[in-house]
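Numbering (the working numbering), first residue to last: 1 to 427.
Keep in mind that the hints were calculated from the coordinates and are not lab data. Some hints could be false.
To be verified - Straight-line Cα separation of at most 20 Å, PhoX-like style, residue types lysine-lysine; simulated pairs:
| # | residue 1 | residue 2 |
| --- | --- | --- |
| 1 | K134 | K96 |
| 2 | K72 | K114 |
| 3 | K114 | K153 |
| 4 | K177 | K96 |
| 5 | K363 | K313 |
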Amino acid sequence: MRSFIGSVPFFDAQMKVHAYKMMTQDGDKLLGSAEDHRMLGGELLAPALEFVHEIGTEPFAGDNDFFVEISKYQLLIGMPLSMQLSPKNLVCVIDKDTLTDNAAYAKLGILQKKGYRLAVDGFPRAISMDTAVKVFEYVLLSCNDENFNVELKEIRPYIFKTNLVITDVPDMDSFEKYSGARGVLLSGNFYSQPITKGTVDVSPLKINALQLLGQINMETFDLGEAASIIERDPALSISLLRFINAMNPDRSRKIDSIRNAVAILGQNEVKKWASIAISVNMGEDRPSEVTRLSLIRAKFAENLAPAFEMAIKSGSLFISGLFSLLDVILQMPLGKAIDEVAASGEIRDALLEHKGQLSDVLKLIFAYEHADWHNASLIMVRHKIDIEELTTAFLDSLHWYRQLLDAIEEEDETEATEASEEEAAEE
1 MRSFIGSVPF
11 FDAQMKVHAY
21 KMMTQDGDKL
31 LGSAEDHRML
41 GGELLAPALE
51 FVHEIGTEPF
61 AGDNDFFVEI
71 SKYQLLIGMP
81 LSMQLSPKNL
91 VCVIDKDTLT
101 DNAAYAKLGI
111 LQKKGYRLAV
121 DGFPRAISMD
131 TAVKVFEYVL
141 LSCNDENFNV
151 ELKEIRPYIF
161 KTNLVITDVP
171 DMDSFEKYSG
181 ARGVLLSGNF
191 YSQPITKGTV
201 DVSPLKINAL
211 QLLGQINMET
221 FDLGEAASII
231 ERDPALSISL
241 LRFINAMNPD
251 RSRKIDSIRN
261 AVAILGQNEV
271 KKWASIAISV
281 NMGEDRPSEV
291 TRLSLIRAKF
301 AENLAPAFEM
311 AIKSGSLFIS
321 GLFSLLDVIL
331 QMPLGKAIDE
341 VAASGEIRDA
351 LLEHKGQLSD
361 VLKLIFAYEH
371 ADWHNASLIM
381 VRHKIDIEEL
391 TTAFLDSLHW
401 YRQLLDAIEE
411 EDETEATEAS
421 EEEAAEE
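Working from the sequences, and respecting the hints, build out all of it.
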């Protein structure tokens, strides 16, 4: 499937993610090989719906709602009902201009009866708001629309009858401005804005984490010194032992000390475990989406190493993706944050100066995340990267992240069961 595909999160006022929206673009068209007569064919092929049909909504959105755009032509030929897609967690997004087509509008009632939930992208002027709130569970308004402020004022009286999603929110100031409305969801770049000034005190436990990151990012690091740092931090110690147990489900190998665990893993595995565990640990007081995005970027960058003929640098690419939101996690300028973790000069150049071999990989990932398909295409052409290769690398990073969460949840359940059994035995 020659399409770009990604997803963007929808946050509530407490910065909790409630949903994701799929973003797609026909890759052939962008890369110059599509012809005008294929445009309608592209509408009917529905790559977004095909992805949902093939792999479901879970890899993109977990248990959250997943918004997918449905065009007028797709409605007219019976999608998504004709594809037998489950309505669970699926929200069909209809463009406001589709409401002017009576035949397409009639299809919405059929979808509702089959259990599909609907959203309208843009202010639904073609019908009354009293009707709109009965048809649409969500109304999406873009900050970039020239009529945004007027439309926002018009929709406020109906805020108790429908859910408002404000898209393209550019920064935290705008987020604070618009997040006060009841039940509003917001999307945009605000949650990953770079920190350019100020700093905060870093807690003692985060200092341990930063020291460990500094240690593992040396070209060759001392496992004994790494073990000493881990031993000072209960959270890191527990995380390491859980990681070992996940690799050794039958518990046949007994671990009697942190130093023993570190020795068993070796440098490469300790480096990978620590990079992930510390990012999660340091991001606990930041939006969960920041941690999720850091980890997906890390794996996405690592997956792209062969495509950029940089397999030997896959580890550095992983760390670069992981550290790309370090300023947001630590709430300090990125340069200072990178100094705190003693990242290599190559990683620093890529993140701060946007130059060096690693930089193009990160630029492609950033363009992909923000649905900047034009710039993504330019980088792909320059490095002779195929769209299917890129999409596979992205989807694999989503699956990897999901497996990581499943492993953590499974270990939590195992520990809870073992604790309950121990308590029962004591009684």
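A quick look at each hint next to the structure:
Taking the CA atoms of K134 and K96, the gap is near 15 Å; set against the 20 Å cutoff, the hint holds. For the hint linking K72 to K114, the alpha-carbon distance of about 18 Å falls within 20 Å, and the restraint holds. The suggested pairing of K114 with K153 is violated, with an alpha-carbon distance near 33 Å, which exceeds 20 Å. Simply put, K177 and K96 have alpha-carbon atoms about 25 Å apart, too far for the 20 Å limit, and the pair is violated.
Our distance criterion of 20 Å between C-alpha atoms is met by K363 and K313, whose separation comes to about 16 Å.
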